[in-house]
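Student: In order, the protein sequence lines correspond to chains A, B and C.
Here the first sequence is numbered in my numbering, starting from 13 and rising by one per residue.
Here the second sequence is numbered in my numbering, starting from 58 and rising by one per residue.
Here the third sequence is numbered in my numbering, starting from 752 and rising by one per residue.
The set of hints was computed from the structure by calculation and includes no laboratory data.
Nothing here was measured: the structure is a model prediction, and the numbers come from that model.
What follows is a set of in silico ranges between Cβ atoms, one per label pair, in the way DEER data are often shown:
1. C:SER1001 x B:TYR318: 26 to 36 Å
2. C:ALA855 x B:SER281: 33 to 43 Å
3. C:PHE866 x A:ARG79: 49 to 59 Å
4. C:PRO895 x B:ARG227: 48 to 58 Å
5. C:PHE772 x B:THR277: 51 to 61 Å
6. B:THR277 x C:ASN894: 16 to 26 Å
7. C:PRO895 x A:THR148: 44 to 54 Å
8. A:GLY143 x B:ASN203: 36 to 46 Å
Glycine included, every Cβ here is placed at the ideal spot set by N, Cα and C.
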Amino acid sequence: MAVAVEAATLLEVKDLHVNLGQSHVLQGVSFAVREGGVTALLGRNGVGKTTTLRAILGLVGRRGTVRLDGTDLTSLATHRIVRRSVGYVPEDRDIFAGLTVEENLRLAERDAEPRYDLVYDLFPELRQRAGQRAGTLSGGQQQMVAIARALLNDNRLLLVDEPTKGLAPALVADVARVLERLSELATVLLVEQNLGVVRRIANDVVVLDQGRVVHTGDARGLLAQPELVRRLLSVSAAGQP
Amino acid sequence: MSTFILLTITGLGLGAMYFLIASGLSLIYGLMGVLNFAHGAFLTVGSYASWWMSDHAFDGIHSLLLRFLLGAACGLAAGAVFAALVELVLIRPLYQRHIEQVLVTVGLSLAFVALVQGIWGTDAHPYAAPGWLHRTTTIFGAHIPNDRWIEIATAAAVLVLLQLFLHRTRYGLIIRAGVENRAMVTALGIDVRKAFTLVFALGGVAAAIAGVLSGVYFNTIDPSQGTSLLIFAFIVVVIGGLGSVGGSAVAAVVVGLLQQYVNYYASSGIGDMAVVLLLGLVLLARPRGLAGAFAT
Amino acid sequence: MKRRVLADFAWPLAVFGALAFVPKIGWDVPKVFDSAISSPGTLQLLALCLVFGGLALTYDLLFGFTGLLSFGHALYVAAGSYLTNIAITNWHWGFAAAILFAAAVGLALSVVLGFVSLRVGGIAFAMVTLAFAQAGSVLVHKNPHDWTNGEEGLSPDYHKLPSAFVGVFNTKHLYWLALAYVAVVFLVTRWAVESSPGRVWQAIRENELRVEVLGLRPRAYKLMAFVLGSFLATLGGIVYMLLNNSSDPSVIAPNFTLMLLLMVVIGGAGSRWGAVLGGVVYYYLDNRLGAVGGSSTVQGLPHVLRTPLEQPLFLLGTIFILIVFFLPGGIAGLAARGRPAGLRRLEEAIRPGGAVGGAPEATLTEPQEGA
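Only chain A is shown next, with the shape it has when bound in the complex:
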């Protein structure tokens, strides 16, 4: 997209190191996410994409700097980071199976006026299933709840981890559409293996390999180079290995 003015940096990650057990999973990850739009965090399995998101939120011990809109988040506890308008849609969704759909949403309320209208507009099914135990929902429905939770509050930054994982193709398209909508409301940092989705909605990409950033730049630019894509991600540009 053509922007006359360089968009401001919303999230800045500098020299992030994470050790999990014996592995040095993140070895000095640095990148910036500009405000507005979608930045896709790409890489093969196991390079540290999920760990990066968790490190930003302080869910794992880390060294380095994380700055949100200029404010240093590194020493803050997770719940305080989240209260600075950061939403999280984890890999595997992590909704509370023992709670109802409605309770899952209610728990996620943070602002004075949670945006239930928006949530039920995007996910009418959730209104119907409000009293249903979340553990009995299908994978796709659970994903809806997970995204709805992040949508409920007016977040500036959304960290979304593989939202299409394990979903049937039709649902993948639905999720992509929802993500597009989300990107109009907030800046999205998206971990995604499905390059079709990335092609559709991502503006920028950051590619990780072995705990380090190996490529940053324009999304379309990367996807236009199949050789580069194959080398970095071990998949073809169409999204198949």
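Given chain A's structure and the hints, the job is docking chains B and C onto it.
Tutor: Leaving out everything else, chains B and C in the frame of chain A:
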């Protein structure tokens, strides 16, 4: 037949006390991952505080019932405050260091029992309760000591109140979610640590109630009551399913009844071993306990 | 490599060798001991310190090295103590036969109960071990056929005991027995931990999942550690009975196991000499803190301060809490500085969802491996 009824009611009375201790233990473990060995100390605080207040602070009051109730109320308050302090001073600083948290509760339980022994001696103290509780009611030929009804009613009331709290309040919601997945709760912007202190305080109140009731049940209080009841409470927690209040209730009833029946029909002491056997069987068949992972 | 192995065995042997000369030392150490070192009273105290050093190490084998938090270790100590005693006193067996009997039953018991207990992990394992010990306690109190003598405890028939162990003047022999016991436990533990199953134990303590992925069955190895530790504890129970000249129910109470846990943590979980030192120091303090309470300094204090200070267990419990806060590595940690790796990884033993109990925390748990 009348013996059977007496055994049943007594078993339920004992189960009631196990439940009161186990419910707090279960929530504390389920939410915080802390195996609270000091829970017996909360019970002791309840029994000694209520006894001391009713004998010393309220001795001007004539009505034994009123003295007893006021003393009990103080015991509960003391239990809540003590438990909250334990969490704030000893547990919270060791956040996420689970082994150290368990060790600290072990140390506290030993030190606390020793302290109480030092102040009031190892011998049992008679515990004054309203006369009606010492009399019996006759049901189908069985002479049931009246304190059993109070224990059962109190435990039932606590169960209902706890469930209402867990399902109808925001903190209850946070606790239920936290038992399932504490990290995700923080990732929703919620400071779980307040819930931790609350859960400890609730556990303290419930254990203190058990302390007052055990004074009534045994007619005396002594420093080691907390520890001996705690062992059975642990067994109840594991059988019922860690983190599940409802599971603890069911398990407490089963354990209490089993203990009474076997102790009588087989021989004294064998009932306790039967409970251990039950624990082994449950763990072999359903390691998650009766309630499984997610029910509360 | 060989040189290191020699050195590892050489210095402990030297220490134990030196300790063998203690009964010859006629010195008085005021305040530390009530009478001369070589006197029966002090030797008895020292011998008990050594036995507890050994027992603490047997517990450390489970807890510190393998990450098994057991609350029922006392059961095996009691088995050694009571079974030997009962065989001698009630069944009129010979000493050697009684010891073999107790050791064999202790071994069998640990295999069977260990197998059942290890079906679960973490907290449930701790509770099952507690429950089994509790069952044992009930049995002791029930006094079947009048064998255990219930609350009062059972004194062994001294006619059946080797004369070297009978009588006050033979206390030095009991001292050497206790020394031999702790030396054996120390060397066996060292050999076991450095052996290849021993390395698996430490791997299990660090990351059980990885061990499984490597194709090894952690449960079999855990059982090995459990059986070895429990068997050595049974032997310790026999020595303990001889030293005390009785078996009494305190040896099977939950507090006994908790005491071992305190000893191990104070000394340093996962450290061999730390555990032994923890046992020695704790037992000594438990014994002598009573004297501190009766001392003129403490008696001079106001009532509020005096009462808790008179209770050894209060002091020990408080010291223990302070150690957990400020010195989690125990005495051995002072040497290693900071929280030893072993204790950090013991988190796995009782983390919710780590083994049994609580919901499995899928992605968002304490740091796990993988991206």
